[in-house]
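Asks: Given only the sequences and the hints, what does the whole structure look like? Please build it.
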Amino acid sequence: MIDIVRQKISKLLSDGSVKGVVALAMANGHVAPCLFQKEDDLEPLCLGDTKKPGDARYPLNKVLITIARQYPEDVFGVLVRGCDERGLYVLYRLNQLEPDKVMTIGIACPQELAKACECKKPYPDELVAGEKTEGITQQGVQDMEDMDLSKRFSFWKNQFSKCVKCYGCRDICPMCFCRECSLECEDIISKGELPVDIPVFHLTRAMHMTDRCIDCGLCDETCPSGIPLRLLYKKTSKIMNAEFGFTSGINKNEQSPLNLMGPAPEK
Amino acid sequence: MSECNYLYGNYCAEKRVTVLSQMLDFCGIEKDRLRARWVSSAEAPEFVEEINEFIDVLKPLGPSPLKKQTSKDVA
Chain A
873 MIDIVRQKIS KLLSDGSVKG VVALAMANGH VAPCLFQKED DLEPLCLGDT
923 KKPGDARYPL NKVLITIARQ YPEDVFGVLV RGCDERGLYV LYRLNQLEPD
973 KVMTIGIACP QELAKACECK KPYPDELVAG EKTEGITQQG VQDMEDMDLS
1023 KRFSFWKNQF SKCVKCYGCR DICPMCFCRE CSLECEDIIS KGELPVDIPV
1073 FHLTRAMHMT DRCIDCGLCD ETCPSGIPLR LLYKKTSKIM NAEFGFTSGI
1123 NKNEQSPLNL MGPAPEK
Chain B
166 MSECNYLYGN YCAEKRVTVL SQMLDFCGIE KDRLRARWVS SAEAPEFVEE
216 INEFIDVLKP LGPSPLKKQT SKDVA
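As you go down the protein sequences, you meet chains A and B in turn. Positions in the first sequence are counted from 1; adding 872 to them yields my numbering. Positions in the second sequence are counted from 1; adding 165 to them yields my numbering.
For lysine-lysine, the following DSS-like pairs were computed, each having C-alpha atoms within a straight-line distance of at most 25 Å:
(1) B/K233 x A/K1063
(2) B/K232 x A/K1023
(3) A/K1034 x B/K232
(4) A/K924 x A/K880
(5) A/K1023 x B/K224
(6) B/K233 x A/K1034
(7) A/K1029 x B/K233
(8) A/K1034 x B/K196
(9) A/K1063 x B/K232
(10) A/K1029 x B/K196
(11) B/K232 x A/K1037
(12) A/K1110 x A/K1023
By construction, these hints were calculated from the structure, which means they are not laboratory data.
Replies: Here it is as structure tokens:
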């Protein structure tokens, strides 16, 4: 798979259709995001496979936003998995990236990774390398809904109490791009105090994720306290789907019902 | 609903409240603790009525178990 990706990147760079490609590189035994600009410099390119396939993932879209803000006229390529591509669709929708300034190099995730990520769509629409594998059915939200109210309350209270307010979930999130963050607004979130304001801190973030979260699971992987944040955002996605028939990042040109002026669209 | 001074603001709020109330329920907090109603500033009696109704719902629920101890309580 990596050879096809390398060829594709090399071609894009040599014919000048992109200024650079944001992908992953293996350096000193570690996987890190890297901007490749020369076609003969692709040796360290990797797909984030260390011990298992794709176990080192990075929010490359987030790196791309930073670069695109500096060089708004240039076209950049980016390595995308299914989740990354969903993220790009949302970033186009929210005017953070221009679709005609981005070229994707889509790779499908192997079944093993799809399973590990509980991914519903482990392949991008525009596929360059890899075989499409089947999406995984998710169960977590239903299990939580089946518990009674007081059980849910104590579960989340315990989970939220573990938070050390590192802001890792926000910093890793490919959908978090705001220059000013509500989680740093002292009118909402008290500063320098632990435990966090329960449930304000986590629900504020969840509400901001309602029409954005693309279910990549990086927040879960990052959280040092092991709070099941993704479960919270899965629930918001489920509500959005049930109430408004909307799924974030599935259709390239879909607008969010929350941003549409006026009443909720007919189901 | 369509008479809002801010045109569509109340519709936008309504959609978000729909999501938030279900999220509260998901986190084990009674969703009756959240309520959104639209009352014109010229409709004082309606406002009072709404608030009184809300109080009647809130009282049996009691104080939130998440209520923080204020410095006043400690002293």
